[in-house]
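Student: As given, the protein sequences belong to chains A and B, one line each in that order.
As numbered in numbering that gives the first Met the number 0, the first sequence has no gaps in its residue numbers, which increase by one up to the final residue, 286.
As numbered in numbering that gives the first Met the number 0, the second sequence has no gaps in its residue numbers, which increase by one up to the final residue, 381.
Hints in this document: simulated from the structure, not taken from any laboratory.
Note that the coordinates shown come from a computational prediction; the quantities given were computed from them, not determined experimentally.
Please note: incorrect hints may appear among the correct ones.
Quick list of the computed label-pair ranges, beta carbon to beta carbon [what the hints assert, rightly or not]:
id : chain 1 : residue 1 : chain 2 : residue 2 : range
1  : A       : 91        : B       : 213       : 54 to 62 Å
2  : A       : 120       : B       : 239       : 54 to 62 Å
3  : A       : 160       : B       : 288       : 53 to 61 Å
4  : A       : 56        : B       : 371       : 43 to 51 Å
5  : B       : 57        : A       : 120       : 20 to 28 Å
6  : A       : 120       : B       : 290       : 41 to 49 Å
7  : B       : 126       : A       : 184       : 55 to 63 Å
8  : B       : 160       : A       : 265       : 46 to 54 Å
9  : B       : 56        : A       : 106       : 39 to 47 Å
10 : B       : 290       : A       : 278       : 56 to 64 Å
11 : B       : 186       : A       : 280       : 55 to 63 Å
12 : A       : 132       : B       : 160       : 16 to 24 Å
13 : A       : 273       : B       : 288       : 50 to 58 Å
Where is the CB? At the ideal position from N, CA and C, for every residue including glycine.
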Amino acid sequence: MLFVELAVKGLVYGCMYAMMAVGLTLVYGLLRILHIAHAGVFALGAYVAVVVANATGSLALGFALALVVSAIVGVGIYRFAYQPLLGHPPFVPMIVSIGLFIVMQEGFRMVFEAYGISFDNNPYYTSTVAIAGINLNYVEIAMVIASIVLLVGFGLFASLTRAGIGWRATVTDPQMATSFGIDPVRVRYINFLFGSGLAGLAGALVGLLNNYVEPTMGGLVSYKALAIIVLGGLGSVRGTLIASLILGVVESYGAIYLADVFDRDAIGFLFLIIVLMVRPQGLLGRK
Amino acid sequence: MQKSFIAVALAAGLLFAGSASAQIKIGFHAPQSGPAAADGKSSTVGAEIARDWINEKGGVLGQKIELVIYDDQNKPEQAVPIANKLIGQDKVVAAVSGSYSAPTRAAAAVFQTAGIPYVSAYGVHPDITSGGNWAFRGVTLGGPQGRGAAKFISTKFPKAKVSMLTMNNDFGQSIADGFKEDFAKDGLTLIKEYTFGLGERQFGPIIASVKADNPDVIYAIGYYFVGGPLVAQLRAAGLKQPIVGAQAFDSMKLMEIAKDAATGVFVVGGMDRLRKTPPDLQPFEAEFKKRAGYDTEAVAANCYSSLMLVADAIKRAGSTDPKKIRDALAATKDFPMLTGTLGYFNSIGEMYMPLEVTVVKDGTFEGAAVIDDKTILAPPGK
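Looking at chain B on its own, in the form it has when it is part of the complex (with noise of 0.2 Å):
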């Protein structure tokens, strides 16, 4: 009696052991260590949770998902290998990248060489994709969030004087070019940019500067941990002006910074806490308090999305060959990602979104308006 038992044991953990290596593989990339580790944990745990939901309902195609993470560093030097190492030692079928535009580019050419699709969840720069067929990518370029950026404050505040504060890495540059592009077609004047590096947290000569253009509005391109002593500052120095910021704004940490000052803060391309659709949104941000330990940043969403497109996209081709994952993902049709509904892909797989503009209330980001303008924010081709 107990030897069948045992050996009912034994085969049951056989099965288990054979359905358990029956996993669909996805390579995931992110800093987890040194300067840009914060956004690597926040974009890990994102995607921790989508793989682990998509495992309870079942997996995709009868099989669980198996992410294999690697730690970045933010380097190129550290994405290259990695992109190597998910391709030939761990045999994925899709890769997400969790992490900023130089590692995300890096390992896109590999990605492509090796016909592996890959998709990066927020790194912004035009390159990533312009390498090729292979890659995706979930948020939308530097170009038209800048347009949308132009389109909004001209809407909101018609004609009004602009004084434009600008981050000098391809982040900042990107956004401020597309709002260059079309500021004057709306009706806008720009009296005057200023930049700063991406290490300043000292404004004071730039405030003074702004405070003598008392321009209408204040349009500040730059990270959360620059804008959020950034905000602070203005309002001490006296500027009472309506502050309009770029995405990456988009950080419980600005509100934690800059207190009080971050108030009635718009964020073009923010993420709306309070949305109610899609329906995953609210219990996202539930696990991954729970989860992180800290409330959702924007870069989690994006990844927790990247990864169920590609979880969809399988399930749309029916099949794990890398090949057919590529065309069902260029396919792509109105998926509900957190951030917004993606539209379609471009030829070289620029998404399209509405853009959401959020502003700071009551301790949160709060839906204000949303551009939906094909024109304007018309992903870039070739």
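The shape of chain A in the complex, shown without the other chains (with noise of 0.2 Å):
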């Protein structure tokens, strides 16, 4: 039974990882950056959530909201922050990103208040439903849905849509795609619309989640999501799915049968490691 549950538990886990991991995925498969900044709009979106949600009573509001705000800073970054750097070595618009995520960080703290913030109403985290005798909450079941029916909307996207479509060929190969006239600066908007709002929406849950939203709560999920899309194959989507439910899978069983000896957060490390040593791509990366 406890091995069932621990099971869940890490699937679950694993959803919330994809959904911070697959908008960090989808802007090295595009432009080969690696957006630590990511981590901040995860934050971001969790402070929009909380702060909307206690000054008008409605969290329905600032999650809308979270969503919104998260993928316009998103855009926002994208334009203002690493445009400007496309034509550099990628090393720059990361130390860019680095920079970006320590002011977001720092300007949380300074806005908000170090101590953080909890929702004032949120019955949600501590509201469970027995499946099969498993013990889940609502959160985590929103968790659950909404990385769901994102990610299925966004293959159902990429596969269907023209504009997806024109996404795709984009990432294959971009001159070409230039040279069949799709603009690859709307691919990139979109790119990071979807990414960023995506995280945003992932750290509103994860404040519900915890009912704490702090200004350095991007940090541990941040690095995790680096070593999820390493994992999975640097840019590859399908990759950073897969190995997203596996690290939470392996973390869980982790912090019960190897917690004597590493640390939970070590633990998706030291996987990381291994599986690197017998496929350096990543799971379903080319070589």
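Put the two chains together into one complex, using the hints given.
Tutor: What follows is the structure, encoded as structure tokens:
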């Protein structure tokens, strides 16, 4: 029983990691930039949700705004931080990205105070449903549903719509796509809009799940998301999804059976090292 | 007439300027930026209240106290130059750390070399005091805290089977070690110990396993920001067992995060917010709330009391000579700290203080028990 419960908990965390990591892998696939500030967007989503929800009393409004604001900020980061640097080697935008992340973290601390904020009214994180004897709270269920709906939706968008096909073409071969009349700048906007919105929503959900939004909350998830996209094969969305779920489950078992030896966070990286020794290109990456 | 008035005013100005410069400088460092900034802010406000109240009552030895404050960002590499600056440039006669273990430990070595008395208000690493005889600690060490927890649990829940959740840093480990030394002797059974990191907020796997253990008591050692989510998730998972937390659960944020789930949680080494003694506790809580905008945090009380302790030592020494202040600190007897009465310092500057146990009730921390046992709480020597 415990064995099954651990797997279920792991999959829930995997969904959370997926929502965070997909945006990161989308940016890497398209621009070859390690978008560290993505973790700042994640925390931003959480702050918008908690501040708006506490001010208006409406959690739905908080979440809607979290989605919109993080998507817009993500696009803004591309437009004002990355676009002017596209001609430079990849480490230049990466350094900018790290700087931006630190600025965002300290900005949250200065604006919202260093002690984190809790939701005034949050019945969801303590209300649970028992499914086959396993307790899941409403936020965990919402996280799983949101990640499935959004990622399936994106998959359909990428395979069925003109804009989606254009996006895939641009990721595969930017020059060829451009010569076929696809606007690469528009594709990048779509990319950041979707990835950042997803991260912002994930942040809001994690804030609700912990009932605690803190300036540094992006930090932990950020390096895990980095590990995940490397594990999945840099730039591969499908690989990222699989890696997220695997990492969630591995951590879940590790927290019980390996924690005397390794920190839960170290377990993920240990797993990463082992996989990379066998498959240096990542789970689904191309050689 | 006007000229003489100006002359008088000038003379008065000079006089005040003169008296203002004759101040006793005490150094203070705390993390005011970075991840530990929240505790840094509370610490600083606590120390500033002590400074202002001392000065309002006429200061010490007829001089005002000046607190020289630096931001150490919770980094040892910042704390060392700060300590040097406090000693060389600011010429402080004593210093208080309102910071965590790592920077405090680094700075303690500098103060030791320079021969300046130094009080760690709440940093718990053993090495802070073990480096010499100039450092003192204003908080009970992890070992005695853990032994106190075993004593409390065995008194309140005799023969209990305990599941233990430990944060894997020096704070968590030292308390866990103390508990593990004593639990068997106190008739308790330890079913299993789980460890988790400082950044952990989701305890699903651990809680699933604790549920399978079905313990009588859950003993959790961690900070409030892990404790809040942990307590909420334990209750949400349907675990109704008593939860005993460690000292760093003591923050009003615990209730804010966990809401009703926090009710009934015990905190070993907590601070009873409703206590009427010492007489400055209730005024301090009111003043802190006014200045900080939120309710009193235990670290603030620790910093307040540590500065009060240093001021008291200067008074008893009758001098601002660091050596004499150190000797006066070492000779402290029954000094009323906000967290309890500091009985004495041992030879390496570790204090003895009865350990208070609080319980969360009606949105605050209320006293539940006091452990005053000189054997189990004896501060460790060298």
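Student: Failing hints, ascending?
Tutor: 2, 5, 6, 8
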